[in-house]
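Numbering that gives the first Met the number 0 numbers the first residue of the sequence shown as 0 and each following residue consecutively.
Treat the hints with care, since some could be wrong.
Unchecked claim - Heads up, simulated DSSO-like pairs for lysine-lysine below, C-alpha to C-alpha not over 30 Å straight-line:
hint: 1; residue 1: Lys162; residue 2: Lys238
hint: 2; residue 1: Lys277; residue 2: Lys299
hint: 3; residue 1: Lys238; residue 2: Lys199
hint: 4; residue 1: Lys105; residue 2: Lys9
hint: 5; residue 1: Lys162; residue 2: Lys199
hint: 6; residue 1: Lys9; residue 2: Lys318
hint: 7; residue 1: Lys16; residue 2: Lys199
hint: 8; residue 1: Lys66; residue 2: Lys16
hint: 9; residue 1: Lys238; residue 2: Lys318
hint: 10; residue 1: Lys297; residue 2: Lys199
hint: 11; residue 1: Lys318; residue 2: Lys105
hint: 12; residue 1: Lys262; residue 2: Lys238
hint: 13; residue 1: Lys200; residue 2: Lys9
hint: 14; residue 1: Lys318; residue 2: Lys199
hint: 15; residue 1: Lys9; residue 2: Lys337
hint: 16; residue 1: Lys277; residue 2: Lys238
hint: 17; residue 1: Lys200; residue 2: Lys162
hint: 18; residue 1: Lys299; residue 2: Lys199
hint: 19; residue 1: Lys16; residue 2: Lys200
hint: 20; residue 1: Lys262; residue 2: Lys162
hint: 21; residue 1: Lys337; residue 2: Lys66
hint: 22; residue 1: Lys66; residue 2: Lys105
hint: 23; residue 1: Lys199; residue 2: Lys9
hint: 24; residue 1: Lys337; residue 2: Lys16
hint: 25; residue 1: Lys299; residue 2: Lys162
hint: 26; residue 1: Lys318; residue 2: Lys277
hint: 27; residue 1: Lys297; residue 2: Lys277
hint: 28; residue 1: Lys162; residue 2: Lys16
hint: 29; residue 1: Lys277; residue 2: Lys200
hint: 30; residue 1: Lys105; residue 2: Lys16
hint: 31; residue 1: Lys337; residue 2: Lys318
hint: 32; residue 1: Lys9; residue 2: Lys162
hint: 33; residue 1: Lys337; residue 2: Lys105
hint: 34; residue 1: Lys162; residue 2: Lys318
hint: 35; residue 1: Lys299; residue 2: Lys238
hint: 36; residue 1: Lys299; residue 2: Lys200
hint: 37; residue 1: Lys238; residue 2: Lys297
Said to hold, decoys possible - Pair by pair, the computed Cβ-Cβ distance ranges are:
hint: 38; residue 1: Asn6; residue 2: Lys200; range: 27 to 33 Å
hint: 39; residue 1: Asp8; residue 2: Leu90; range: 43 to 49 Å
hint: 40; residue 1: Thr229; residue 2: Glu97; range: 36 to 42 Å
Bear in mind the hints are in silico, worked out from the structure with no lab data behind them. Note that the structure is a prediction, hence the values are computed from the model and not measured. By construction, the Cβ of each residue, glycine as well, lies at the ideal position given by its N, Cα and C atoms.
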Amino acid sequence: MGHESINWDKLGFDYIKTDLRYLSHWRDGEWDQGNLTEDNVLHISEGSTALHYGQQCFEGLKAYRCKDGSINLFRPDQNALRMQRSCGRLLMPQVPTEVFIEACRKVVAANERFIPPYGSGGALYLRPFVIGVGDNIGVRTAPEFIFSIFCIPVGPYFKGGMKPHDFVISGYDRAAPNGTGAAKVGGNYAASLMPGSNAKKANFADCIYLDPQTHTKIEEVGSANFFAITQNDEFVTPKSPSVLPGITRLSLIELAQSRLGLKVIEGDVLIDQLDQFKEAGACGTAAVITPIGGIEYKDKLHVFYSQEEVGPFTQRLYKELTGIQAGDVEAPEGWIVKV
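Please work from the sequences and hints to get the whole structure.
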């Protein structure tokens with residue numbers, strides 16, 4: 000698809016082939032210099048560990064067109080660090096931060112024509128990933144690896160954008176205690192496919208997962224992090240070894256403290272104490288901030304601020320975050336990398 004045929008105002012979260020992507024191979028103990036390629040098909044061994052044993056991880060970040068025409072990359076250093084942690088957990092070679100950021104810049108620059116215009120609400124989504132490849136059949140780390148980054152123009156992850164959505168508590172677990180919940184690996188998402196599908200069939204935006212050990216605490220909202228605002232104007236978000244430490248979550252924690260003056264609490268969010276919260280939301284690179292209208296648990300729907308309107312604190316956080324990303328609001332030091 001050429002960028003000329005893209006309706007920027009109606010972008011969803013769907014794959015669109017863009018011009019170039021970054022590709023690098025790890026062989027004999029080191030990464031090669033990497034290059035940009037037009038080929039969007041990976042050629043890998045049938046014995047690749049990524050196919051059989053789930054030895055892979057990925058990231059997600061966005062580039063934004065600013066009012067002055069420049070391009071902002073939002074906190075790519077944090078994505079590089081998280082990918083390094085994921086690689087370490089799965090015994091894969093880490094991609095150095097400076098290599099990661101430079102590769103992102105190259106991909107954005109090479110696909111600039113696909114960046115949604117300023118004010119459209121869209122962004123250029125980058126998907127970096129590392130996979131184990133090479134001839135292999137035993138359960139062990141791969142002999143070779145691929146690091147790649149492709150990009151697609153995207154709009155809102157949830158249909159309808161910035162409006163409240165209802166979610167339902169799932170009886171399934173997305174990750175195991177002491178497992179890979181804190182790493183951004185495909186297995187966690189594979190486990191979420193059926194529960195997420197069931198939730199959508201029941202007319203919910205997605206499902207919410209409780210902690211895998213006691214099933215009493217909220218952990219994640221589909222593939223996003225959870226946050227809430229208490230009746231006492233505190234910003235609360237779950238903290239657990241099986242919760243993925245999101246970049247958007249980290250950013251909202253910092254903005255809630257520094258820009259909104261809220262006390263931040265990272266800890267347990269008990270499912271039977273939802274009445275403590277007057278607002279709630281899901282946050283992530285894809286979801287940005289999605290207000291939660293209500294949560295259904297044991298056939299009862301608990302409504303927060305409203306099922307139709309966005310709460311004032313959630314609205315302020317959204318405006319602050321998206322303003323920084325688009326270059327309209329001054330960013331904390333180090334948050335923006337210009338392409």
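Q.
Check the structure against each numbered hint from earlier and tell me which ones fail, lowest number first.
A. Of the numbered hints given earlier, the structure breaks none, since each of them holds.
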